[in-house]
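Engineer: Residue numbers (this note's numbering), protein chains in the order written: chain A, 151 to 336; chain B, -2 to 244; chain C, 12 to 369.
Don't read these hints as lab results, they were simulated from the structure. The structure displayed is predicted, hence computed values, not measured ones. We put the CB at the ideal spot given by N, CA and C, even for glycine. Keep in mind that a hint or two might mislead.
Straight-line C-alpha distance at most 27 Å; calculated DSS-like pairs for lysine-lysine [stated by the list, open to error]: (1) K250/C to K199/B; (2) K282/C to K234/A; (3) K239/C to K250/C; (4) K179/B to K239/B; (5) K214/C to K189/B; (6) K234/A to K361/C; (7) K303/A to K18/C; (8) K308/A to K56/C; (9) K361/C to K308/C; (10) K250/C to K174/C.
Listed next, the stretches of chain C that the computed footprint assigns to chain A, with coverage defined by at least 3 CB atoms under 8 Å from CB atoms of chain A [said to hold, decoys possible]: (11) 187 to 195; (12) 346 to 354.
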Amino acid sequence: MFQGILIAGFGGQGVLSTGQLLAYAGMLEDKHVAWIPSYGPEMRGGTANCGVTISDIPISSPVVTEPTVLIAMNRPSLEKFEPKIVQDGIALINSSLVDTEVQRDDIKSVYINANELAEEIGNSKIANNIILGALVEMTGVVSGESVVESLKKVLPPKRHNLIDINREALEKGKKLAEEARVKTAM
Amino acid sequence: MKKVFTRPESFNDIPMHYCPGCTHGIIHRLVAETIDELNMVDRAIGVAPVGCSVFIYNYIDCDMYQASHGRAPAVATGVKRVVPDGVVFTYQGDGDMAAIGTAEIVHAAARGENITVIFVNNAVYAMTGGQMAPTTLMGQKTTTTPHGRESDANGYPVKMAEMLSTLDGSSYISRVSVHDPKNINKAKKSIKKAFEVQMENKGFTMVEVLSICPTNWGLSPKESVKWLDENMIPYYPLGEYKVPAEV
Amino acid sequence: MRKKLSKVLMKGNEAIGEGAVRAGCRYFFGYPITPQSELPHYLAKRLPEENGVYLQSESETSAINMVYGAAGAGSRVMTSSSGPGISLMQEGISYIAGAELPCVIVNMMRGGPGLGNIAPAQSDYLQAVKGGGHGDYFVVCIAPASVQEIIDFMYDAFDIADKYFTPVMVLADGILGQMMEPVEFKENQEMELPEKPWAANGKRGRESKNIINSLYIVPEDLEEHNFKLKDKYSIIEEKEQRWEEYYTEDAELVLTAFGTSARVCKAVVDKARQEGLAVGLIRPIMVWPFPQKAFDKVIHSAKQFLTVEMNTGQMVEDVKLAVAGRRPVYFTGRPGGMLPIANDIFEEVKKLMSGGAE
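The following block holds chain A by itself, in its conformation from the complex (with noise of 0.2 Å):
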């Protein structure tokens, strides 16, 4: 099993908590990972982005060059990335942000209005892991109970108020690829 994770976004939508939530996740299944984000002037405002490689062996360069699965919340994440995923890879996309469509026809790409979802749940800052559930499902790259388990390490103790509306939003995601794969068999 390997997985180079590609989560890309303006900064401010909490890209890099969603990649190092996933590597908790991993770490807590005994298995390989590594987070790792871009740095340096564009982390203020403009573009972030973070790598998350979770494995069976040992991961050699930390760095995703070529995503197996590519999270896009917004529309430069994807038109940056999108040739970047290899054959037969993921993309999963915001589409409540991004209005174009994936040009290849060589990856999976699944498109979730998550700001919209994520509202009608009821918190607006859910909406990366409503993505991050149909990830899981998709992939089956962590279980979903641990990534619930990591949001009890991951979130300080004064927000753990927010972990069921979390769960709600990572069973959403899921049930979302499970539609999706259900459309794709048909």
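Following the hints, complete the assembly by docking chains B and C onto the known chain A.
Structural biologist: Structure of chains B and C alone, referenced to chain A:
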């Protein structure tokens, strides 16, 4: 018979390397007397960077650091942070402190480092051969200002005591001179006060000491003393520039 | 699901800070620079908890001189920076080496020369392993390749510094500083730090004064001092070479790489072995002293060497010295903040092994 004058205990009995007429020996002695009088030879730690006085570690009988050019206040900061009950002093010349080491001295003062700086100002780079110093006076001839210092080419002398006394972190700042016995006595009092302020943890202290350099000034010691009195003191007025309220 | 309670996910820069604190370091002096800033951020919070001192200096020049003072006073002390700041520190490092003081200096390397950029690179290898400043000296250089190694090596760095009275540099690249990996901490034991009777921290009843000094004005004296340092460096070269061997026993082509480059090269070796190619890797853990012994060990089977670096070819000079003309030594690298790609290196390997080298 009553002994009225003797070598301070913390002053090592070895020949000094200074040129005839140099006042470093007097200033060293004042520091050593102070160390004796404040009974702190066991806690005193000195830092001397590159310059004529780099060998001070041979003369004063306390723990000592030789530092790179200009960096003594940074070294002293490192020492003092590890040894907060140490009485830490630097002994720096004008080229060292007012040129290459400007950043270090300004920020040690700004941080209010509890150290004492003895700043020897003789208006010339002495060890390297009499070049213009940041404190060289207007019109003063040096090996690198053969026709005298001119503002067009070389700007103006730096007044360190005035400058550092503007910083909130500085606590005791004075300028003294060692060109005659009366002033030597005053210098001694000021140096002692600076150390006392440090020992009360009141912040950064500095004593600027106007000093002669007969060798590089090209004057006899007697002429040098006169030159200091007539030229340096008008530009670098003596006195206490900053005194903590309670002292 | 097996949970290890002691395992935490940690950024390399923070791991350096925590590793240093656990190794007994209580003093840090530094100046901000990317990509190592998380380290001062971490220590600014962490050191006061241990009654230590974190101090932000006015420049890297000052930082290293504060280290000189704190090391001379007998403490375990550290500073950190990246390329441009390390260049500014070289004067002070030379004084520290000359005065034989123990300290740890972290260089989280980025692209150069000049302002270069802030992306990860191994551009300061030669500066690090050939002394770096003025005069006749070396700095022990340890090169971790994972966040776990960073933690483990911080103990070694401080111990070696104290043992040999020498500055020790932790030489890493921006990736190792920025990445997060799981780490496990050894049980935190009370450390017994070595006595430092030479420290200049006030005589306190001592018979004679202690002097921290690198000045030997009489040439005969300095020559004696230089030879004494040389003897010390020879002992370090004999005793402290460290490296990792990866499939080298029968390797016909031996890769050499350190830090992040070595991680990439391991993937290359794995791939090569899957295709039946006898490729191995020597990963210097100490880059000074350079692991000469590793090369003597593999020379019987090795037909050629390929050095991989994140620069235009620096460590390859030491590989050539170690191989000493016995076999050809080739180089491939990516400078400027770019990363060597496993597939590209593998292509190079295949070309060399099929006799395709020029």
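Engineer: The structure should be examined with respect to each hint, and the outcome stated for every one.
Structural biologist: Verification of the supplied hints:
1. K250/C to K199/B: At roughly 49 Å apart (the allowed maximum being 27 Å), K199/B and K250/C break the hint.
2. K282/C to K234/A: holds (21 Å)
3. K239/C to K250/C: holds (17 Å)
4. K179/B to K239/B: holds (21 Å)
5. K214/C to K189/B: holds (20 Å)
6. K234/A to K361/C: holds (25 Å)
7. K303/A to K18/C: Satisfied, since the Cα-Cα distance of roughly 12 Å is no more than 27 Å.
8. K308/A to K56/C: holds (20 Å)
9. K361/C to K308/C: holds (23 Å)
10. K250/C to K174/C: holds (12 Å)
11. 187 to 195: holds (count 5)
12. 346 to 354: holds (count 3)
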